[in-house]
Each structure stands twice: as structure tokens, then as C-alpha cells.
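Build out the structure end to end from the sequences listed, making use of the hints.
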Amino acid sequence: MRPSSPVAPAPALPVLLLRADGAPADAAWIDVADDAPVPEDQAAVVSYARFLAEGATLRAARLGVRIAPADKVEALAPHLARLALIVVTFPKFRDGRGYTTARLLRERFGYQGDVRAEGDVLRDQLAFMIRCGFSSFAVKDRAPQEAVAAALRRFSVVYQPAADAAPPIWRRRASVVRAAAE
Amino acid sequence: MYRYDEFDAAIVRERVAEFRDQVERRLRGELTEDQFKPLRLMNGLYLQLHAYMLRVAIPYGVLSSRQLERLARIARVYDRGYGHFTTRQNIQFNWPKLGDVPRILEELAEVEMHAIQTSGNCIRNVTADHFAAAVADEVDDPRVWSEIIRQWSTFHPEFSFLPRKFKIAVAGAPEDRAAVQVHDVGLHIRRGADGSARFVVYVGGGQGRTPFVAPAIHDDLPAEHLLSYLEAILRVYNRYGRRDNMYKARIKILVSALGIAQFRKEVDEEWAHLKDGALTVPAEEVARIRAYFAPPPFKTLPARSAAFEQAKADHKRFARWTRTNVHPHKAPGYAIVTVSLKPIGQPPGDATADQMDAAAALARAYSFDEIRVTHEQNLVLPHVEQDQLFEVWKALDAAGLATPNVGLISDIIACPGLDYCDLANARSISVAQAIAETFADLDAQEKIGELKIKISGCINACGHHHVGHIGILGVDKKGEEFYQILLGGRADERARLGEITGRGLPGEAIPDAIARVVERYLSLRLDERERFIDAFERVGAQPFEEALYASV
Ligand code: SF4
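Listed in order, the protein sequences are those of chains A and B. First residue of the first sequence? That's 25 in this note's numbering, and the numbers climb one at a time after it. First residue of the second sequence? That's 3 in this note's numbering, and the numbers climb one at a time after it.
Hint data in this document are derived by calculation from the structure and do not stem from the laboratory. Any given hint could be a false lead.
Stated by the list, open to error - Listing some non-contacts, in silico: residues in chain B with all C-beta distances to chain A over 10 angstroms:
(1) Glu16
(2) Tyr84
(3) Phe163
(4) Ala195
(5) Ile262
(6) Ala263
(7) Ala280
(8) Ala293
(9) Lys314
(10) Gly451
(11) Arg518
(12) Arg527
Claimed, not checked - The calculated lysine to aspartate or glutamate pairs, modelled on DMTMM-like cross-linking and capped at a C-alpha distance of 20 angstroms, are:
(13) B/Lys39 with A/Asp50
(14) B/Lys39 with A/Asp144
(15) B/Lys167 with A/Asp148
(16) B/Lys301 with B/Asp359
(17) B/Lys277 with A/Asp188
(18) A/Lys96 with B/Asp246
(19) A/Lys164 with B/Glu32
(20) A/Lys164 with B/Glu20
(21) A/Lys116 with B/Glu35
(22) B/Lys267 with A/Glu98
(23) A/Lys96 with B/Asp270
(24) A/Lys116 with B/Asp246
(25) A/Lys96 with B/Glu501
(26) A/Lys96 with B/Glu271
(27) A/Lys164 with B/Glu35
(28) A/Lys164 with B/Glu268
(29) B/Lys396 with B/Asp424
(30) B/Lys39 with A/Asp165
(31) A/Lys116 with A/Asp95
(32) B/Lys277 with A/Asp144
Beta carbons: idealized from backbone N, C-alpha and C, even for Gly.
Shown next, in the form of C-alpha cells:
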């Protein structure tokens, strides 16, 4: 007999705003719809399309942009100094394009601001996201903040270089060899 | 063999602890099956027709005796006493209980094994030539590069949610035993003009419903750039591979849509940023990994063993086995032994716990503690002294592991099919058994010579039917099991897809239909050195197709 697989739809999960260090993330940002005016005295996030169309004229206390999986991050490169936040959206858990977007922002374009993962973001992805350069997360989870934050520290060792400071395995191995030799 | 250091061990240990927590959350009802599914898939745990199935990685098909004994123990304690070796050089256990899986993963971790990335849309367990470091004409040991790829791809943070699964294979000798041209990425090592190892990189091969033999994207990649080049390919794929239709999501579809020239251009643009960066594999790390694969201490032996020749003269069954299951070794006086997991009438690739223990004991006594798993679902003892072949054969024979049919018509690749797989249209195993029984006569098999039959239970092609000399594909025709025949495929360095013949046939008609094709081959071959595939290439599909439908 086939093991039962409950089909009841999962109830919508609350969203937890976390920074990469596990502390609560900046919650002041507001999403602005494409047809709504941008509030000049607030931290406002606009869509990628609107930013590219109206970027020069947009005024906000702080400006952020929301980039979807299919949007080419290269187009933002000349304007990164104006952006305090880039929200990378994950419409589906399985759609991994946002990981590349974040790495390109950090490694290729040297972006220093906040890169936030939003959408279908579960705790089981966080360790990967940190490695790709995400600095904050809107995580869907009903567990307490501490339990979710623990997922951020999942890997104590990694094999490959990425956008974070974690050294690739061969550098750690080389330092073990050096320490042994000394 | 590669051995874990503290870092490798920590990575696997942390993974087991994490999955234990996830299983407990699931068993307590804190996770629904929907939420649990992606998590279990990341640990190789599938839900199949009847039960959970756990797929354990055997990186590039290499096992120590201790590891194989552990697999035997898992089969015995947590399953029904057997395991199934797959065409990906992995092993599957078909009946584990969910609550036992964390314990199984712990038992695997104790012997440096795991089930990481054996499923899901990530870079899967890398496969390699099962005769690595045992054949004379090898350019470089594919295990070294496979291990480097294994490490780079394990929990790759950017490439764990690709459009679809991603399979890499590595061959290190001129003869390609790893079927690299039908993988997402195939690496074939060749010698560069300066004597160094270079890679010919193939991209976008694959089987499934839209099969392709891969075009070469690079024909002279220096080894130190391997990882940066792979990362560039994967990044282009991750960004631009299709995600709207899972049947069009493999990299082969992207490569064929763009054309290889345009795809290469995209990769080169990406590579320009990555080349010579943090992914350049340091020579010390290559040397560190290579040292694990240092040749075993071969004795100095005469090339020809008198004892071996005498045993062949004295024992006809043994002599027959050596003709099919023994392959020349690079070291004088040694041989490579293929252990057939295709006894007539048994499911291809299955081994009982006792058989695994027997193979492990033989490897320890006679083959420097090493076993290989082949993508043709057999095992290999890579380094056996010719003087000891007779002893090894007797022990294999006693364990039911000495079927003398490697490369012959009954050495069939078959996927699990309708007996286990919930995607199947038709059974594969019973068809394989029926064909093997039709050709049970060993003299007749040997007379036919090399003939590779590959059977898949559905278009997903896990049984590699596109590249069988004779391929058989299970299809569903108004609720009935039918089989489509393909002719003339091959998966070696001259890879080609089989040609699809006319209408499908019902399962009962298959053995006779295959027999007619074989008869036709025997009647038209130039001599017995002309293999089926050579004859096919000389005369084309038509005579065989005629024979196929002759009496229906
Ligand atoms: S080919 Fe089809 S039936 Fe066979 S194992 Fe793959 S998915 Fe299942």
C-alpha cells in the first residue's frame, strides 16, 4: 500500500523578517505598486521595470528595487549606488534563478547594500542564500525566530567558494597542513 | 581510494543531523508530506509505488570492501535483504521505513557514504569509467577529477534549484565506458600537445523523451580551469534553462534551442569573469586528492600466468567466463574482473546482502579492497592477479555471481519499470528476464557476441534504450503494455541514438522478435568479428526491421 500523503493545503505561513546574523531585519520598507505615487519621505521599494523606466525621477527617503527571476540584473549595475535595498523575489521555492542574481550583485557588481530574499522562502533555503550574498530574508515560517535563525548557521564547512566569506575547502585544508607543519 | 578528512566528515554529519530533525518533524505531524517532499528528495528519499525508496550515492562508482559490507548490512537490517544497483552507479533500497532512514544515513556516514544529491534538481552524483586506473591506455584517472567535481558540486549554494537535474560523467581513456556524450555535461580526458591532461567538454546530451548526443563545447580545456568552466555552464543554464515545462527543462533543450555556437558564446562571456578566479583548482589540492588514488602496490609479475592458462585448459566453464568477464589490466600479470549481476531470470542489477558480502570479501582478499559499480549494473574487481582468477571465479560461482555474460545479449540494462516505478508504462524487468531466458544457451550467446540490449519502462529512459544496440521502450497503448523497438544506438565514444522502428509489440512477442533480429544478424554478418553494431552500421536498419516484423 502506498504511504499516505496528506493533501490538505498548508495554511498560509506568517512571514518573519530576519537578517543574516539572525537579528530582526529592517521592517521600514514599503512596497509601492507601479501605478501608485512613491512616498518621498519613506523607504520605498519599486519594481524593476518602473525603476528602469523612471529611475532618474524617483525620489524617496531610501530607494529599493524588486527584481524577479527573469529580470536581467545587469541592467541595474549602473544604478547600484542609488539603491539601499534590492529585493530578489522567489515566486516558487523551486525557481533558483534568484541565487545567481544575488551572486552577480555581490561578486560581479560589488553591490554593498541590503539584498533581501522574498516570496517562497523557507528556512531550508537560508544557508544557501547566505552563501550567495543575501543579507536579509522574509522567511515563511511559524517557528520562533531562534529556531529559524539556527538554519542560517547550518554549514560549518563548505566546499566551494561563493559570495560569502567562507573559504573554499582547499584553503582550509592548506591551513591545516601549514598548522601541522609549524 | 578517497578518504574523508575532518571537513568531509563534518559536512555529512551535519546533513544527517538536519535530516533526522526533519524526519522527526514529519513523524510528529509538524510537516505535511507536501512540505516534507523537497526535504526528503534532497536526501535521496523517494515515495514510490509501494513504499519509500532510498537512493544512496556511490561517487563515481567506487566502493571499498567495508562500504559494500555496510550496504549489505543495510539491505539485511533495514530492507528485504537485497539492493538494486542503478545505471547511475548508485544503489537503491526499495523498502526502508521512514523512521529508519536517519539511522541508515548515520550508518552510511560511518563508512563515508551518504544519499546527498541523488535526487532533486541539482548536480547529481558524478559518474566515471568503471575501469579507471586499471586500463593501459588511460590518459588520466577520471576518479581524481570526479572527486574534485563531487566536492565542488556538494551543496552548491547557487545550483541546488536548477531547472532540472544535472548529470556529469567523466571518461579518462580513449574508449568511453562512461557514456559521456549522453550526459548533461560529459568530460572526456585527452592528452594535450604539451602532455598535460585536457578535457573535451560535451554539453546537452541526454535521453528521455527528447534524446540528444551532446555536441562538444570545448575541445581543449586545461584541467585547472575545469571548475570555473563548469560553473559558467551551470550559471548560463540556471539563468536561461526553461522552467515552464519540466519536459523541456534539461540543458539539452537550451543548447539545442540556442545552437551550440550561441550557447558557447554565452558560456564564454560568463567564463571570462570566472576564469582564473577563486575556482582555479590549486595544484596542491589536485595533488592531495590524487594521492588518495595512488596505484596499489602491484607485484612484479610475468605478463602470462602459467597457472591461469592451465586452469583455463582444465575447466571449460572457467575458460568461458574468462572470455566474457575478464578484461586486460595495465599491470603485467593482473586482470580486471566484471562480476555479472545479470544471472538469467533475475532482475538486472539486483544483489542480495550475501552476494554483496561475498564480493566485498573477494575484493579484500584479491583486489586491493576495491570494487566498482558499472553503469551497466554490474560490479568490477579492478585489480586481480591472473594466478588467482580461478580462486576468484570459484567463489563468485558459489555466490551466484559468475554468470559468463558480460557484454552479451543477456547482459541487459533495465530500469525498475512498472514493478517499482510509479512513472512506468510497462514492466522492464520481466521483459529482460524473458529475453535472457530465450537466449539462455551460453554457446549461442557467445556465438552472437557483443550485443547490448537496454530497456526502459517509459520515455524517461532510465534504462538507456536510446543507446542500446537494441533498445526497448515500454509504452502504454490504451491501458496495455506495449514495447517500441529501437535499433543501432550506442553510448561509447561514437555515440549515436537508435533508430525507432515501426509499431510497438506486445510484451509476449518481444523475445521472438529479438530472436528474429539476431538471426538476421547472424546470417548477414561478414564473420564473427563483425559485431551486431558494426553490421548495423554497414547495412543499415532495414534488414533488421524486416526481421522484426517478419511473422507478425
Ligand atoms: S524509465 Fe520510466 S519506468 Fe523506468 S525507472 Fe525511469 S521513470 Fe521509471
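Status of the hints after comparison with the structure:
Distance check for B/Glu16 against chain A: the nearest CB is about 6 angstroms away, which does not clear 10 angstroms, and the non-interface claim fails. Against the 10 angstroms criterion, B/Tyr84 stays outside the reach of chain A, whose nearest CB is about 21 angstroms from its own CB. For B/Phe163, the condition that its CB be more than 10 angstroms from all CB atoms of chain A is violated, with the nearest at approximately 3 angstroms. Separation of B/Ala195 from chain A is adequate, the least Cβ-Cβ distance of about 28 angstroms exceeding the 10 angstroms criterion.
Annotated as non-interface, B/Ile262 keeps its C-beta farther than 10 angstroms from every C-beta of chain A; the closest such distance is 22 angstroms. For B/Ala263, the requirement that its beta carbon stay farther than 10 angstroms from each beta carbon of chain A is met, with the minimum near 22 angstroms. The beta carbon of B/Ala280 is not kept farther than 10 angstroms from every beta carbon of chain A, the shortest such distance being approximately 4 angstroms. Remark: the non-interface label on B/Ala293 is consistent with the geometry, its nearest Cβ contact in chain A lying 12 angstroms away (cut-off 10 angstroms).
Against chain A, the non-interface label of B/Lys314 holds: every CB pair exceeds 10 angstroms, the least being about 48 angstroms. The beta carbon of B/Gly451 sits about 44 angstroms from the closest Cβ of chain A, which is more than 10 angstroms, so the claim that it is off the interface holds. For B/Arg518, the condition that its CB be more than 10 angstroms from all CB atoms of chain A holds, with the nearest at approximately 40 angstroms. Interface exclusion of B/Arg527 from chain A stands, the closest Cβ pair being 49 angstroms apart, more than 10 angstroms.
Distance restraint check for B/Lys39 and A/Asp50: the Cα-Cα separation of roughly 32 angstroms exceeds the 20 angstroms cut-off, and the hinted pair is therefore not satisfied. Between B/Lys39 and A/Asp144 the CA atoms are separated by roughly 15 angstroms; this keeps the pair inside 20 angstroms, and the hint holds. The straight-line distance between the Cα atoms of B/Lys167 and A/Asp148 is roughly 19 angstroms, inside the 20 angstroms bound, and the hint therefore holds. Restraint check: the Cα-Cα separation between B/Lys301 and B/Asp359 comes to about 26 angstroms, which exceeds 20 angstroms; the hinted pair is violated.
Proposed proximity of B/Lys277 and A/Asp188 is supported: the alpha carbons are some 19 angstroms apart, at most 20 angstroms. Restraint check for A/Lys96 and B/Asp246: the C-alpha separation of about 18 angstroms stays at or below 20 angstroms, so the hint holds. Taking the CA atoms of A/Lys164 and B/Glu32, the gap is about 15 angstroms. The hint holds against a cut of 20 angstroms. Distance restraint check for A/Lys164 and B/Glu20: the Cα-Cα separation of roughly 19 angstroms lies within the 20 angstroms cut-off, and the hinted pair is therefore satisfied.
Restraint check for A/Lys116 and B/Glu35: satisfied, since their Cα atoms lie roughly 17 angstroms apart, inside the 20 angstroms limit. With a C-alpha separation of about 17 angstroms, the suggested pairing of B/Lys267 with A/Glu98 holds against the 20 angstroms cut-off. With a C-alpha separation of about 18 angstroms, the suggested pairing of A/Lys96 with B/Asp270 holds against the 20 angstroms cut-off. Note on A/Lys116 and B/Asp246: the hinted pairing holds, with a Cα-Cα distance of about 12 angstroms set against a maximum of 20 angstroms.
Pair hint A/Lys96 plus B/Glu501 does not hold up; C-alpha atoms about 41 angstroms apart against a cutoff of 20 angstroms. Of the supplied pair hints, the one linking A/Lys96 and B/Glu271 holds, its CA atoms being roughly 15 angstroms apart against a limit of 20 angstroms. Proximity of A/Lys164 to B/Glu35 is assessed by CA-CA distance (about 17 angstroms); at most 20 angstroms being required, the pair is judged to hold. Annotation: proposed proximity of A/Lys164 to B/Glu268 is violated, straight-line Cα distance about 35 angstroms (limit 20 angstroms).
Restraint check for B/Lys396 and B/Asp424: the C-alpha separation of about 39 angstroms exceeds 20 angstroms, so the hint is violated. With a C-alpha separation of about 17 angstroms, the suggested pair B/Lys39 and A/Asp165 falls inside the 20 angstroms cut-off, and the hint holds. With a C-alpha separation of about 15 angstroms, the suggested pair A/Lys116 and A/Asp95 falls inside the 20 angstroms cut-off, and the hint holds. Note on B/Lys277 and A/Asp144: the hinted pairing is violated, with a Cα-Cα distance of about 33 angstroms set against a maximum of 20 angstroms.
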